[in-house]
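Starting from the known structure of chain A, fit chain B with the ligands onto it as the hints suggest.
Spelled out from the first residue to the last, the chains are:
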Amino acid sequence: MLSIKNLHANVEGNEILNGINLEIKAGEIHAIMGPNGSGKSTLAAVLAGREDYDVTEGSVEFLGKDLLELSPEKRAGEGLFLAFQYPVEIPGLSTTNFIKTAVNEVRKYRGQDALDAVSFLKLMKEKMAMMEIDKTLISRPLNEGFSGGEKKRNEVFQMAMLEPKLAILDETDSGLDIDAIRIVANGVNKLRNKDNAVLVVTHYQRLLDYIVPDFVHVLYNGRIVRSGPKELALELEEKGYDFIKNEIPIVETV
Amino acid sequence: MNSIEYFKEHFDQLQLIDKQSGLESIRQRSFIELAEKGIPTVRNEEWKYTRISSLFNKEYDFPVDAVEVSENDLKAIRLPGHEEANELFFINGNFSPVYSNIRSADLITMPLEVAAKNEYSEIVKKHLGHSSHYLKDGINALNTAFVHGGVFIHVQKGKAPEHPVYIYNITDARSVNILAQPRSLVHISKNAQVQIVETYTTLGTSASFTNQVMEIIVEQDAMVEYYKIQNDASHASQVSTTHIRQVGKSFTHTVTISLNGDIVRNNLNVIMEADHCEAHLYGLYFQSGKTHVDNHTVVDNKSPHCLSNQLYKGILNDDATGVFNGKIFVRQVAQKTNAYQSNKNILLSEGATVNAKPQLEIFADDVKCSHGCTVGKLDEEGLFYLRSRGVSEKMARALLVQAFAVDVLEHIKPTAIRHYVDQIISQRLEFPIPLDEDLI
Ligand SMILES: Nc1ncnc2c1ncn2[C@@H]1O[C@H](COP(=O)(O)OP(=O)(O)O)[C@@H](O)[C@H]1O
Ligand SMILES: [Mg+2]
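Going down the list, the sequences are from chains A and B. If you count the first sequence from 1, position 205 lands on 205 in the working numbering, and the numbers rise without skipping. If you count the second sequence from 1, position 362 lands on 362 in the working numbering, and the numbers rise without skipping.
The shape of chain A in the complex, shown without the other chains:
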C-alpha cells in the first residue's frame, strides 16, 4: 500500500529525514516511536503533502501512485489521512460544515455523488456513536478552544467520517486520559479491515496496548534505526530511548 524508499527531506536547509525506508501493506498496523525531535511529525507531514518540506531524495508510492506528485487534497482523495499532532484551530468555521465539505470533496474526487443533508446527518450520527463524540463538540467552530483531548477526538472523528485507506495518527494519544485513549483505540479498531492500514506515531507504549501493531519502528535522527515486532515497544518502554542512542552512533547530517 505504502512504499517509502530512501526518503530525504529538508526544512529551511536542515536535513530532517535522512533516508527513510518503510513498507506498509494493507491490513497492517505499524507504529513509529522515537524521542522528541527525531522526525516523526516531519515524516507524517511529508506524507500528507505539507509544502514547507523539500523532498530532496527518495520516493513514496501509495496504492500504485507517486504520492509526492499529488497535492495534499488529492492524497486525501486517494485515501490518506493524517491526524495532526497539533490540530489547527479555525475560529468561525463550523466543524460540521467543514466536515461536510471535506466528505463531499473526497467523494467528488472518488467519483461519488455528494451526500445530501439527510444522508450526511445519518453518516455523522453513526460515526459520532462509534467515536463517542458529543454533539456539542462538533457544533462548535473547528477546534476553537477545544482541550487537547477534544482536539484529538475530533481528529479521529474526522478520520472515521473520511474512511481512509491509510490513517497516520501523529501522537493522537498525547493529551488523552486513559479512558479517552481506550475510546480512540476502539474507534480505530472498529474502522480496521483487511484493505486499510494504520501508521501510529507515538511516544509511549500505552496506546499500543489497545492498537496492537504488527511492526514497530524506531525513528532516530531522521532514520529508522530499528524495526521489530510489537515487543520492541515494550523494550523501549523499559529501557528508554537512551539505549538506542547509545547503540547507534549519531549520524552527523552536515
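Keep in mind the hints are simulated off the structure, nothing from the lab. Because the structure is a prediction, the values reported are computed rather than measured. Fair warning: there could be bad hints in the mix.
Straight-line alpha carbon distances no greater than 25 Å define the calculated DSS-like cross-link-like pairs of lysine-lysine that follow [unchecked claim]:
1) B:K290 <-> B:K344
2) A:K65 <-> B:K394
3) A:K135 <-> A:K122
4) A:K25 <-> A:K165
5) A:K74 <-> B:K377
6) A:K108 <-> A:K125
7) B:K302 <-> B:K125
8) B:K344 <-> B:K327
9) B:K394 <-> A:K108
10) B:K75 <-> B:K126
11) B:K394 <-> A:K74
12) B:K125 <-> B:K190
FRET-style restraints, in silico, Cβ to Cβ [to be verified]:
13) A:H203 <-> B:K357: 45 to 51 Å
14) A:L121 <-> B:E361: 23 to 29 Å
15) B:E162 <-> A:T136: 30 to 36 Å
16) A:A129 <-> B:K413: 56 to 62 Å
17) A:S139 <-> B:Y6: 55 to 61 Å
18) A:T136 <-> B:R43: 53 to 59 Å
Some chain B residues well away from chain A (every beta-carbon gap over 10 Å; in silico) [what the hints assert, rightly or not]:
19) L16
20) V98
21) I123
22) E219
23) I263
24) L307
25) L347
26) P358
27) Q423
No residue lacks a Cβ here, since even glycine has one placed at the ideal position from N, Cα and C.
Same frame as chain A, but now just chain B with the ligands:
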C-alpha cells in the same frame, strides 16, 4: 468642476427654487464653509489615503428632483425581505415618496422640508447639521449646502416597527454623470426601537458619486440597529456619513458591510452624550480589483459609564486598498468609560494594501480602553489542515475567508439581510455552501 464657481451656480439655483422650507440659512452657512475649505485633498490628514478630489475632475448633474425609474429597475434593486419591510427610496439623492412604502404606523416619514416647518421643526433645528462639528471639511459642507429633497424619519415614543426600514439610494447614471446627495435626519424617540438597512445602487455607466449624510438622534432607552450594505458598481464612488447622537441612555448597533465600489469612504460617528450609553460598531470590507474602502470611525465619550465596542475586519484582494481610522475620545467627565477597538485585516494578494490607524485621546483617568490592529495573510497552517482533509485549495481558502468574516456577519440581525450578504460573499468566493446552513 472642482471650482467654487461651479458649485455656486448650482447653489444659487437651488436657493431660488427652495425659498420657503427654512433650510436656506443652513445651506447658506454651509456653502460659505464649503467655499472656505474646498474639497479635501490628501494633504488633509483625515483624507491622507483617500483621494476624493480626483472625483471632482469631471462635471456632474446636481439633480434637485427625484427622477422616475421603472418597476423593473426597482425589482432588481429591492432587498430580500422587502415584501414586509418599510421602504424608502432616494433617487439621485432626492427622497421619493411615490416609490416608498411605509407599512408601519409607528414610523413617520416626511420630506425634510416639511419637518423643518411643522411640529418637528424644533428637532430639525436642533440636530440637522450636527455632523459638521465632527467633520470639518468641504465634503460634509457640500452636502449641507445642498440640503434639499431629504427625509425626516421619526419613530414615535415607545414604538418599535415590527419590520426593518430599508433605504435604497439609487443613482440613475444612464445618461449623465450624477452627484447624488441624500440627506436624512432620523429621530428615535424615548423607548422606541428601529432597524435600518441602507443600500446603494447605480444604474448605468456614467460617473456616479454619492455624498450622503444621515444624522440619527437616539433618545433615552431607545435602541437602533443600522446596517449599511455597500455593493455598488465598480465605477460608483461614495462618501457616506452616519452621525449618531445618543442623547439619552441608549443602545446602538451598527454594521457596515463594504463589498464593492470605486472609492468608498465611510464616516461613522457615535457621540455618547448621556450616561450608560452602549454602542457596538462592526464592519467588514471585502474588496477586489482596484477598489478603495476607507472607514473612519469616531466614538466620542462625553458622559461617564459608556461602553463602546468596535470590530472592523478587512479582506483585500487584487490591488484593493483599505483604510481604517478609529478615533476614541474620552472627555474628562467621562469616567468609567469602556471603549474597545479592534481592526483585523487579511491580504489575499501581493498588490493589496491596508492602512490602519487607531487614535485614542483620553482625558479621564478611570477608564478601560483598548485597541489592536493586525494585518496578515491567510493562515498557511489552517490551509494545509483543511487541504489534508481533501478540501481543494480554492475551497479551503474560501472557507478560511468566510470563517474570518463570521464574527462580523453574525451581527447582522435581520435574517434576510444576513443571508443576502452571505450569498454575495459566497458567490464571490465561488463557494457552494452558504455560511449559515445549520446542520445539527
Ligand atoms: N518547520 C520547521 N522548521 C525548522 N525546523 C523544523 C521544522 N519542523 C521540524 N523541525 C525540526 O525537525 C526536527 C524533527 O521534528 P519533528 O518531526 O517535529 O520531530 P518529532 O515529531 O519526532 O518530535 C526537530 O529538530 C525540529 O526542530
Ligand atoms: Mg511530533
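* Asked: Hints broken by the structure, by number, lowest first?
  -> 10, 14 and 16
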